[in-house]
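Asks: Spelled out, the chains give:
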Amino acid sequence: MSRTPLQPRSEPAAPPKRARSVMGRLSALQGRSSRTHNVVVLLLFVLLAALPAVSDSRSLFILLTQVFILAVFAMSYDLLLGFTGIVSFGHAMFFGLGAYSTGLFLSRFEATLPMLLLSVIAGMALAAALSYLVGVLSLRLKSHFYAMLTLAFAGLLLVAAEKWRSLTKGSDGFTFAIPEPLKDRATLYLVCLCTLAAVYVALRRFTRSPLGSVLQAIRENEQRTESLGYRIVPYKIAASVVAGAAASISGSLYVLTLRFVNTTVFSMDMTLNALLMTIIGGVGTLYGAVIGAAVIEWAHQLLTDLAGVHPIFERWIIFFGLLYIVVVLVFPSGIAGTCASWLSSMRRRRQPEDPEEERP
Amino acid sequence: MNSAKAARSAAPPILETDRLTVAFGGHAAVREVSLAVTDRSFLSIIGPNGAGKTTLFNLLSGQLKPTSGRITYKGMDITGLPSYERTRRGIGRSFQLTHVFPRLSVLENIRLAVQSRAGVRYDFFSSLRRHRKFEAEAESLLELMRLTGKRNSPAIQLAHGEKRKLEIAMLLALDSDLLLLDEPTAGISLEEVPAILEVIRDVKRQGSRTIVLIEHKMEMVLDLSDEIAVLYQGELLAHGTPAAIMGNETVQSAYLGGWYDDAAEA
Ligand SMILES: Nc1ncnc2c1ncn2[C@@H]1O[C@H](COP(=O)(O)OP(=O)(O)OP(=O)(O)O)[C@@H](O)[C@H]1O
Ligand SMILES: [Mg+2]
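Chains as they are written, first to last, in our numbering: chain A, 1 to 360; chain B, 1 to 266.
One should not assume that every hint holds.
In silico SDA-like cross-links for lysine to any residue, where the CA-CA straight-line distance does not exceed 20 Å [said to hold, decoys possible]:
(1) B:Lys217 x B:Glu192
(2) B:Lys204 x B:Val193
(3) B:Lys65 x B:Phe24
(4) B:Lys65 x A:Leu104
(5) B:Lys65 x B:Glu32
(6) A:Lys183 x A:Ser55
(7) B:Lys65 x A:Arg205
(8) A:Lys142 x B:Gln63
(9) B:Lys133 x A:Arg185
(10) A:Lys142 x B:Pro82
(11) B:Lys65 x B:Asp39
(12) A:Lys183 x A:Arg231
(13) B:Lys65 x A:Glu222
(14) B:Lys74 x B:Lys133
(15) B:Lys65 x A:Val201
(16) A:Lys169 x A:Gly155
(17) B:Lys65 x B:Thr54
(18) B:Lys204 x B:Asp39
(19) B:Lys217 x B:Glu183
(20) B:Lys65 x A:Ala111
(21) B:Lys217 x B:Leu97
(22) A:Lys183 x A:Arg165
(23) B:Lys65 x A:Arg208
(24) A:Lys183 x A:Arg58
(25) A:Lys142 x B:Lys65
(26) A:Lys142 x A:Asp269
(27) B:Lys65 x A:Arg58
(28) B:Lys74 x B:Phe24
(29) A:Lys142 x B:Ala11
(30) A:Lys142 x A:Ile62
(31) B:Lys133 x A:Phe89
(32) A:Lys142 x B:Gly69
To give an idea of the interface, some chain B residues facing chain A are shown, with a C-beta separation under 10 Å as derived from the structure [said to hold, decoys possible]:
(33) Pro102
(34) Glu108
(35) Arg117
(36) Val221
For the record, the hints were derived by calculation from the structure and aren't laboratory data.
Virtual Cβ for every residue (Gly too), placed ideally from N, Cα, C.
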């Protein structure tokens, strides 16, 4: 700056305030405990990675693998909903693109690892292109246009997948072979765990980049963000493209574990799943989405088991509705958000002087 | 154009409006306003509630598009430019109704303004840690506004006066050439006014920026201003030195009288 800097002068600090909202505690905690976060995440990763060495419970592997995959999907949704404040009703279309891309590549060509990788990349590219298109068409308009347009496009892709039978075999779907090394449950489990870790790290980095920090500003106050000199639309499109590409990865992994793909990957249920997992886990944190995926998948498993006891448990949507209501009542900021605020109030009780009010 | 002004300033004005008008429905909130702002001067805009002062700012900063008329800034027609473009060209504003990022920390609110001024907009790979200097600059503004104690609090938890200070810190962070201040001391406690006043005075003392201030407090206006413009029912009633405005009969009868009536009603 060529100008003389404005000189700060000192003044006694205002007395600290005790009362603090949930959101306040959460963001304060996030600000200070990045190291704690890294340690916890690393520890969790090592523990989960070591699991195949100590257990060979088939059902546990299947459950956790599913959790990892849906966690990637939920995180991608969180990028839109939690970070940028964009609501999508058609997030399943990106999931489905990845799913069909992998399914088709592996069924039409040789089922090898490079082919799998190629299919994942192709799915991501398609998803990125489509989300770019949807974004360009709707993100300069009022926010509900994006919700509507994603809904429309997802519906369109669902119908296309049903009608284009020569390619997709319609709603019957088709099975396909997967690369030999992945036929081992434990290997597939590890691949999904590593993918989750990689996507988590990448998305966390993204949200903490200069561009990502503007996404949160847009969520908070679009007009103010613009008046600071940021052009809104490119940011929203960037969020949409990254979210679409990440969702596609989860779709690829999803069908890889099933060795089967049909039109349900494009269904509204998929989108609702992402929405539910993100909100239940806690928006705007990424790890909240992972927690949400774990809770939902575990509940799903539980209900499936209970269905043998009484057929009422087959109506899992009722129970998810109930779960949702309970979570919203007990954990108003999602599981991640509310637990974080408990933690920080516990910390404050332990150390009476408020560290947050002091300068580090 | 305004003859009193044209005579006094030889340098071209930094900002000029030409018959600027905006109508909501049939009602013109700003009507045919032609106003020139001298470069590196301090101009206050006064007028009763609902005179159109904030609306004029919205036109200048690009929040609103005029129904007719033109805005020239640094010799360039900016009438059609969106607000982010104007900010990048050096027009910064603070808002009358506090307008911050409620759930972001106070530091982050300011840091975002610093980042924008630095022109780092689409960097999606490097970590924010690589941009510590933004944070350092935001910290010094925090200190200046005496908000350091609130560094990590979400903006929503600030008291009203603190929010106003944050608003000003964000404006300062933009390092604008032209600062539009919309009632920066409105609704804050008396003991907090001097701090804000001092910051505005500091900016003025530096002499490198142009300041346009909307303010109701006449003693503050008279103390700070090189020039005063009076808006009344959307029209520019008068524009001149403080002395000229205070001695202006039209202003006295049509506006100052009306203003006090308004105040009595409210
Ligand atoms: N977006 C809008 N739509 C319709 N009318 C508006 C809009 N913005 C402002 N107005 C009207 O324009 C007039 C001028 O409002 P403005 O806020 O500019 O007044 P002001 O001079 O800033 O008043 P105050 O001193 O109370 O801040 C008011 O009658 C207001 O109701
Ligand atoms: Mg106003």
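Asks: Could you work out which earlier hints the structure fails to respect and list their numbers in ascending sequence?
Replies: The structure breaks hints 4, 7, 9, 11, 12, 14, 15, 20, 22, 23, 26, 27, 28, 29, 30, 31, 32 and 36; every other hint is satisfied.
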